[in-house]
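Trainee: Chains A and B supply the protein sequences, listed in that same order. Residues in the first sequence are numbered from 87 upward in steps of one, following our numbering. Residues in the second sequence are numbered from 45 upward in steps of one, following our numbering.
Some hints here could point you the wrong way.
As the list claims (entries may be wrong) - Derived CB-CB ranges, DEER-like:
1. 150/B - 101/A: 16 to 26 Å
2. 134/B - 240/A: 52 to 62 Å
3. 703/B - 154/A: 30 to 40 Å
4. 703/B - 101/A: 42 to 52 Å
5. 99/B - 101/A: 31 to 41 Å
6. 101/A - 118/B: 40 to 50 Å
7. 150/B - 90/A: 17 to 27 Å
8. 142/A - 99/B: 41 to 51 Å
9. 93/B - 117/A: 39 to 49 Å
10. 210/A - 263/B: 52 to 62 Å
11. 468/B - 154/A: 54 to 64 Å
Said to hold, decoys possible - Interface residues of chain B toward chain A, partial, derived using beta-carbon atoms under 8 Å:
12. 56
13. 61
14. 717
Simulated from the structure, these hints should not be mistaken for lab results. Quick caveat, the model's predicted, so the values are computed rather than measured. Quick reminder that beta carbons are idealized off the backbone N, C-alpha and C, glycines included.
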Amino acid sequence: MSVQHYSLVVNGELKRVATHPMARLLDVLRCDLLLTGTKEGCGEGECGACSVLLNGELVNSCLIPVAQADGAEIETVEGLGANEQLHAVQRAFLECGGAQCGMCTPGMLVASAHLLRKNPHPDLAAIREGLNGNLCRCTGYMRIFEAVERAVTSVGEERA
Amino acid sequence: MGQERIVGKPVLRKEGVAKVCGRAQYIDDLTLPEMLYGATVRSSIARGRILGIEFGVGVPWDEFVIVTATDIPGENEIALINHDWPCLAAEFVNHPEEPIALLAHPDRHLLPKAVAAVRVTYEEWPAVFSMEESERADPVVWGKDNVFKSFLMEKGDVDAMWSQADRVVEGEYATGAQEHLYIENNGAIAAYSADEGLTVWGSLQCPFYVHKSLVKMTGLPEEKVRIVQVETGGAFGGKEDYPSMIGAHAALLAMKSGKPVKIVYDRAEDMAATTKRHPSRVRHRTAVTSDGKLLGAEIEIALDGGAYSTLSATVLSRATIHAGGPYHWPNIRVRSKALATNYPPHGAFRGFGAPQSLFAIERHMDHIAEALGIAPDELRRRNLLKPGQTTTTGQLIQEDIDLERLMDRALAESDYHAKRERFARENAGARMKKKGIGLAAFLHGSGFTGSGERYLNSLAAMDVTAEGKARVLVSSTEFGQGTNTILCQIAAETLGIDYDAVEMGPPDTSVVPNTGPTVASRTSMVVGKLVHSAAVGLKKTLLASGLLHEGYATDEFVLAARTYVTQHGTLRAESRYEAPPGVHWDDQQYRGEAYAAYAWAVYVAEVTVDMATYGVVVDDFVAVQEVGRVLNPVLATGQIEGGVAQGIGWALYEKVVWGRGRMQNNQMTNYIIPTSQDIPPIRVFFEERPLGHGAYGAKGIGELPMDGPAPAILNAIAHATGKQFDCVPLLPEDMFRAMTVGEPAQEAVVL
Ligand code: FES
Ligand code: FES
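This is chain B alone, in the form it adopts within the complex:
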């Protein structure tokens, strides 16, 4: 570490100049000749049978292109894990806002009126709006029993261990839905001709997910479907699954009309219709000794998956594996299930199940600490995982981790001990403002869970352009996290050339190989490694050709590459994923190496609670983490800060209000995210250790910061107020109710 010229340096974002000049082209900035605008007719009820679709008077319907499920040439399906998510509802609807019909017209101003003039009649059926109703399986709204997926994960002998416990501590924790609120709404443009096939441009994370789904939906051969990602204005998981839907809709209208069609949602439609973070309920029952040793636990996780299974099984998997937190459990049993309800499907959101289960364990640790009369940091310290111990899946910790050191640093940077003591003293005399400080320790697995990376079988490539510049060819996409920059840094470092002599190939499925989806904090670790080996291959070829000699400068590389291309036509090297040695996973038993590497962190939040308004202000936030090698300090710091801000939002501001399965506050006016005046100083520290399996020792980083803020903040609120709150979001009205009426902070928000 430290010898590199480009890796680890704050080089400028590749597409940064285009972004600060307003030149970057997002989906709504593009217009094709003769383009039509598309809109979606959606279900107004939560569940029922469609009886008819009528096109009301006052609209020149002959000018419109109209698509319903009968126009779908292939399977009526958005292809993800199961086969239950229709592209357009044909006979039944299972959630409000489910797409039923599509309209297109050259004048986009005519669309809202036309959509309103379509009358769908239904036979309404009883629907399910809570996990408890779903568990009762009456009515059954999905499969045989409303269960999308369940897991049982066991380590040690849980049943035998309870007798050795000095104390058993129980708790129940809940988290709400969260809207991604990327500033750019979902959108896609599709164009089709029989000769050239179908092209879809979109704001999206995973070009090959959309490709797979559209091949299935259109019945076209793979090579006749082309997906191109355009500049994407934020995603956070929200553009992992849904672009397959909006892309399919634009494609259907384009295929029927023969003209390009653009569909861009407005904010209200995006918020009401697209996916959100899974709401959760987690129950803990823990056996401890009186000196604070964790003996074992039983944990039950339930996630609300919404009406279709989408990605719920994999979200649940990550929630299950992260349920025990960063602690050593001699015995543990985790039972988990993802349940069907009649909300719009919940989907991927930064953290992907881990924030839910880590919120629970990190609140629970504070409850245990209180029950035992041990300080929260000390209880954690006695149980943090160490090298040589095994995780809840039985994965041996081989990395030379030092979690106590992370904790010490977080406590020191936040002045935790002094403040803990001082606030407790001052709060006793304070009536209006009480202060608190709380912490959370956590981990986040990098890359796909278990055998996921092996199944993905990702391929990356590098080639050179006619000008002799090196080019990274991957399907990993940029949506703000820094993919372009870090992959070019890795390539430039490995090739021994300047950062400016490397560029990204277009994120276009007809040009780049399938490097897998841009999710799961896998880009820097998994894809970075592939880019590294492709770069090694490229360099070898050039050296072997005799056109380039060791000790070369960038301009010599460029000249040699250009000459090689002139002589041979192309210069290209590929690299395919190989599992790191010693990574084994048993999908049946949920045992083994769940992730090739984990990022680790300890966060500390300091809050002030106004006892008159029940407003909570986060005054200071310390985020200490070990993410392996930091590839770009400015980008990495920005990732952590952005994730912490989203975590603060999830904890204190962002509440989705539901009414019969529909989001009621689907506007930025009444779904509130943190502004520049709500965010405390976020102080980010990296304990840099090149321990990851990625190129130059990198691990994943993007999702980690979403995991810690909510429990740290609620722990701080408990310290300030002396009251325990175990649900997020915790808005002033929730706290008011709990403090004054004594009701639980989380009431069912179903109307």
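One chain only, chain A, in its complex shape:
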């Protein structure tokens, strides 16, 4: 298949890439746009390390051909914090020990931010469910749950 041109809005910036239609969105982000924050853990939609938001929906970027993302808005971990300011979930992960080796962390953060956007006050069951597509081998998830709970509180406080 021949190389084609695609445009994506990644973390608010318009990006153009020339690549094969079946190139994985994950590779486009990592190799063409040099946004290496998004990770590959399995390449088959199981681990969630490659999670990004595509038009606001949580997807595994290893399963998305770039052709399917043409014209879409993409958000990655690099886009979570604005202006050197950590996003509430990033800060909470840092404080609660939600990141150990850090390999699941970008995907986990994107999934957490997505969860909080859809449901600003998730209970523990909703947090467990919201993150069930993101595997972590280091933490046993407890610190991650605590981090999301703390992010809920701190977002609430910031608003108040």
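Once you've looked at the hints, dock chain B with the ligands against the given chain A.
Mentor: Only chain B with the ligands this time, still in chain A's reference frame:
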């Protein structure tokens, strides 16, 4: 304890901001100019002779760099303990997925097709796929008798003791292979030039292991080989030995091509080709009195080491020493052996042999309790080690330990007694869901076994940067467990300066001294102590120089350090390992101080078993432990929780399915680890006592939590169902078979 400003506080992870921003650079995030991508051609059979390698049509082979064993400049060996593990198979293969040839090309998308086009022809030989076949030594696939290593450890007079027994209880226990499943696969980049020598960057635990191995394999002088650890996305022991292999492969391709080469495995290759936890079979025969006193035991341990010896001897050693659990044995004999088979080599995995033998003893204790009609907690209570008693190696317990107190706390936090009684009552009337609660008591030795630390002779250093920041120089690496953070905490505490004024030196063998490998729960205790004394040295020098005066603030320290560097060029202090007083070890008899300190724990698991689906849900998990001083409560709690989750996986989810020596389910789709919805609340408690030999009283912590979950869960399942299962993993299909057909839960999974 309690006076410290930084030690014991939940300071933020050193590299944490980089990790939560996605800025941390892992091996696959790095690209060098003109870099090629490497791939590996692997054996498709378990055992045989290589007859030929053909490069099939349809691939522009002249564009590829091709390496086989004949290109190896030095020894064709991955250097660990023995000299049996080839870097590339030359004439024979001994397991499926054994590396035979290497390919590199600028376009990584061309590699899979090229690998598939390489045809290796073999004369296939009979292979060994079980420990029982290996014991029969027909065929002999390794050495003279398929035995990598054996130990005999004896205390008291075992033969004379049986006559005093009221009861003799026997049991056999088995555990399966376990895949590390770090979320980041193995990977390395190598670059070579005749002038600068060889540099390998990698996802790895032990830079100097890789260094030693590559010096041998390349024949280059030591100073021409440089190993740099980059951010490492989980390891759990799985990046202790294998990075020497993948690093060697990248190095060979780089040396042949003159270009940098990256090899990063995909998940399927990583799972099929790299090491796993040793499968085990442990037999117990125990003499007890009718009131539950352990008189003595005979224990036989067999580990499946796979095709090459790698680290099996040391894994076996730890399994042997931990075989008696945290109990006082007047008499005990442990015979153990690590056997060769034709699976890919099994290697280091968190716990390193201890989870296997502790699973056996902790299931066995429940069997003894049942045989005697004594409650499981009470049987343990009557036999837990006390200060003044000796361990199975004859090590005198000098620490003021109180294991009964640990047990009391675990039982109280889990509401064990009330639940034990209530579940038994309710289960009698329940048909679909039965509940159970079970416990496990255990210990884990901190640091290398026996004389290991003395042989390692580790060196740590501290220096200061041009900006006047203190810098920790060690080869201990960060892969999620918190090395960077705790070592900087110890340094900052000791120097009397802010945590932010201390940084880690690069984990680069050309910069840091050899502090030994990052394994065996040795970092906080052994390396922490070295960092502490190096910090003391640094401080002394500064005070003696007159640039700094007692009672200083951080900015005064920074200014003095900066001035010192301007005046003298460098400021550096070193510290070398010294064995703690009274630590003696006899390698021949396996007697003496096996470890400078032990961590102790009692875990309780509560489960629900669905009698229709045979699914097991862990509802609650209590983990009480004494690990000496807790250096960072958030990190320590995270270590315990993560280890418990891996233990739950090992017990209930993670089954490696083998077919003629090859892992068949080498995908995350069908090798299942616990998700966020499978893990119970894990409630972690520390009985904090600064009893360790490490700085500020720390002991090891990282491996301990892997030891307890599997036996606690299986004990709970026995309580729930009234049936005894003595093998892990225990998946619903295993339980179904045992409950309905009456077959043993563990069938041979060899096809
Ligand atoms: S890499 Fe995409 S789900 Fe694992
Ligand atoms: S922090 Fe390592 S996989 Fe989650």
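Trainee: A separate judgement is required for each hint: does it hold in the structure or not?
Mentor: Hints and how they fare:
no., hint, result
1, 150/B - 101/A: 16 to 26 Å, "24 Å, holds"
2, 134/B - 240/A: 52 to 62 Å, "60 Å, holds"
3, 703/B - 154/A: 30 to 40 Å, "36 Å, holds"
4, 703/B - 101/A: 42 to 52 Å, "45 Å, holds"
5, 99/B - 101/A: 31 to 41 Å, "40 Å, holds"
6, 101/A - 118/B: 40 to 50 Å, "47 Å, holds"
7, 150/B - 90/A: 17 to 27 Å, "22 Å, holds"
8, 142/A - 99/B: 41 to 51 Å, "49 Å, holds"
9, 93/B - 117/A: 39 to 49 Å, "41 Å, holds"
10, 210/A - 263/B: 52 to 62 Å, "58 Å, holds"
11, 468/B - 154/A: 54 to 64 Å, "56 Å, holds"
12, 56, "6 Å, holds"
13, 61, "7 Å, holds"
14, 717, "6 Å, holds"
In this structure, every one of the numbered hints holds.
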